[in-house]
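Participant: Here is what each chain is made of, one letter per residue.
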Amino acid sequence: MFKKRFIGVITVKDRLAVQSIAFKKYLPIGDPVILAENLDRWGVDEILVISIDRTSKNLGPDLNLLENLSSKGLSTPLTFGGGINCLEHAIAVIKLGAERICVDSLLKRSPDVVKKISNHIGAQAIIASLPVCMKDGELNWYNHVQKTLGPITKAVTELFKGGYLSEALIIDYHNDGSSGDFNLDILSNLSLPNIPVVPFGGITEMEKVLKILGMQNIIGFGVGNSLSYTEHAVQKFRERLDQNCLRVAQYSSMNDYNYDSFPS
Amino acid sequence: MKRLKVGLIDYNSGNLGTLKTNLSVLGFRCLISDSKEILNGCDVLLLPGVGAFAPAILELQKKKLDQYLIDEADRNKPIIGICLGMQLLAKASMENGHHLGLGIIPYIVESLPTFSSHIGWNSISLSAPDQSFLETENSDFFFNHSYAYLNAGRFEICRSNIEGNSFVAALRYRNVIGLQFHPEKSQKAGMALLKQIIEDLVLV
Chain A
3 MFKKRFIGVI TVKDRLAVQS IAFKKYLPIG DPVILAENLD RWGVDEILVI SIDRTSKNLG
63 PDLNLLENLS SKGLSTPLTF GGGINCLEHA IAVIKLGAER ICVDSLLKRS PDVVKKISNH
123 IGAQAIIASL PVCMKDGELN WYNHVQKTLG PITKAVTELF KGGYLSEALI IDYHNDGSSG
183 DFNLDILSNL SLPNIPVVPF GGITEMEKVL KILGMQNIIG FGVGNSLSYT EHAVQKFRER
243 LDQNCLRVAQ YSSMNDYNYD SFPS
Chain B
1180 MKRLKVGLID YNSGNLGTLK TNLSVLGFRC LISDSKEILN GCDVLLLPGV GAFAPAILEL
1240 QKKKLDQYLI DEADRNKPII GICLGMQLLA KASMENGHHL GLGIIPYIVE SLPTFSSHIG
1300 WNSISLSAPD QSFLETENSD FFFNHSYAYL NAGRFEICRS NIEGNSFVAA LRYRNVIGLQ
1360 FHPEKSQKAG MALLKQIIED LVLV
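As you go down the protein sequences, you meet chains A and B in turn.
First residue of the first sequence: 3, per my numbering; consecutive thereafter.
First residue of the second sequence: 1180, per my numbering; consecutive thereafter.
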């Protein structure tokens, strides 16, 4: 049975994991590597690490952070984003241990580079990050570098239609960092037919998750820092949902690292 | 017991960093190399792969590792192909055109029938009895691919399916095993399976 994905999202700024509030205010949480180790142990289906300041500072991807993550022996799929602006960056990120890359600004700046990357590493390895919001009943795409709003461009739609991107990470940036306020109107106003969608931003409550998972083209959901504040948050989500929808909860102990005996 | 040595083939198309660390966690010695001399000294060769078929097979050819892998498979050297690494074992792939593969598995890699990509966790079911897979048969594993063997005849070990359309999840030809999923990124079940496969290939 093909399961929907519960994605743990780590937002990184100045090499520190942060709680982002509406892309405006950032509260420090701690070492992103430790957060990733926790998510791995708690059994999320995927870890998404996004460094939000790499593009605006023209720093390229944070390969040092990625090396640190890879050195921890995480056995959870890793998607890595922030600062990737050429094929060489994408190859380096994959080689250092990420299964997939996440691109945002590059979609606006250089759709042709996205195509080039996709042709090399495969569309399944690229997820498009789209921070959006509803304004005056219309869906708007937020350019977080220029701080402007606009429609999702034809070039991006063409990238999806052409099969260069596998999924869309739809971030409700207004409700980013809030408690359970992800705006469902975003998903019903999304004009990306048949594109697998992962909503993120203000998803903390089970009721919201249930509504989201019932919508069309939703293949998972992302949850950020709230996972770090609630005991057994990942497991509680799983236990409330049908086992045919999400994988069953796992509780780790130190004995789990003895692979001589499975199941433990 | 001596620590088994796994040779991770470096051809610019794989998530080598993670594999090396995770194989070490499992207790194996691990070398990343494109040198035949170094790879010859390993108990198992592991062909990883994240990416598209055509540039990957080209990289293997550039490094003259394509014929090396074919010869080693003929000599019964234990070889594991993961994800794209499994697909490269094929006669050919239809990804972005028609491209010849290593031809170790005489079947073709094709696009998935219903989904453009299969990304996420899915279960596997055995289509042939295989000791290495018995303990983890009903577990979920992480897949990340757009192409697959839809059929691999007598080489199939297990299949997986998306909304009723199935494809080959694992296959075996003598001492060569291919895994469409990423065991190293499939948490407890994947790590346990990877360890089992490596030990079975070398020690049985």
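Treat the hints loosely; a few may be bogus.
As the list claims (entries may be wrong) - Listed next, the in silico PhoX-like pairs over lysine-lysine satisfying Cα-Cα at most 20 Å (straight line):
1. B:Lys1241 - B:Lys1215
2. B:Lys1215 - A:Lys5
3. A:Lys26 - A:Lys137
4. A:Lys74 - B:Lys1241
5. A:Lys137 - A:Lys15
6. B:Lys1215 - B:Lys1242
These aren't lab readings, by the way, just hints derived from the structure by calculation.
Given the structure is predicted, the values throughout are model-derived calculations rather than measurements.
Participant: Is the straight-line distance between the alpha-carbon of Lys26 (chain A) and that of Lys137 (chain A) 20 Å or less?
Facilitator: Status holds; Cα separation ~18 Å.
Participant: Measure nothing beyond the straight line between the CA atoms of Lys1215 (chain B) and Lys1242 (chain B); if it is 20 Å or shorter, mark the hint as holding.
Facilitator: OK: Lys1215 (chain B) and Lys1242 (chain B) at ~10 Å, within 20 Å.
Participant: Lys1241 (chain B) and Lys1215 (chain B) were given as a pair; does the straight-line alpha-carbon distance stay at or below 20 Å?
Facilitator: holds (13 Å)
Participant: Would the pair Lys1215 (chain B) and Lys5 (chain A) pass a check requiring their Cα atoms to be no farther apart than 20 Å?
Facilitator: Cα-Cα ~40 Å, so violated.
Participant: So if I understand the rule, the pair passes when the alpha-carbon distance is 20 Å or less; does Lys74 (chain A) with Lys1241 (chain B) pass?
Facilitator: violated (32 Å)
Participant: Given the hinted pair Lys137 (chain A) and Lys15 (chain A), is their alpha-carbon gap at most 20 Å?
Facilitator: violated (27 Å)
Checked against the numbered hints given earlier, this structure breaks hints 2, 4, 5; the rest are met.
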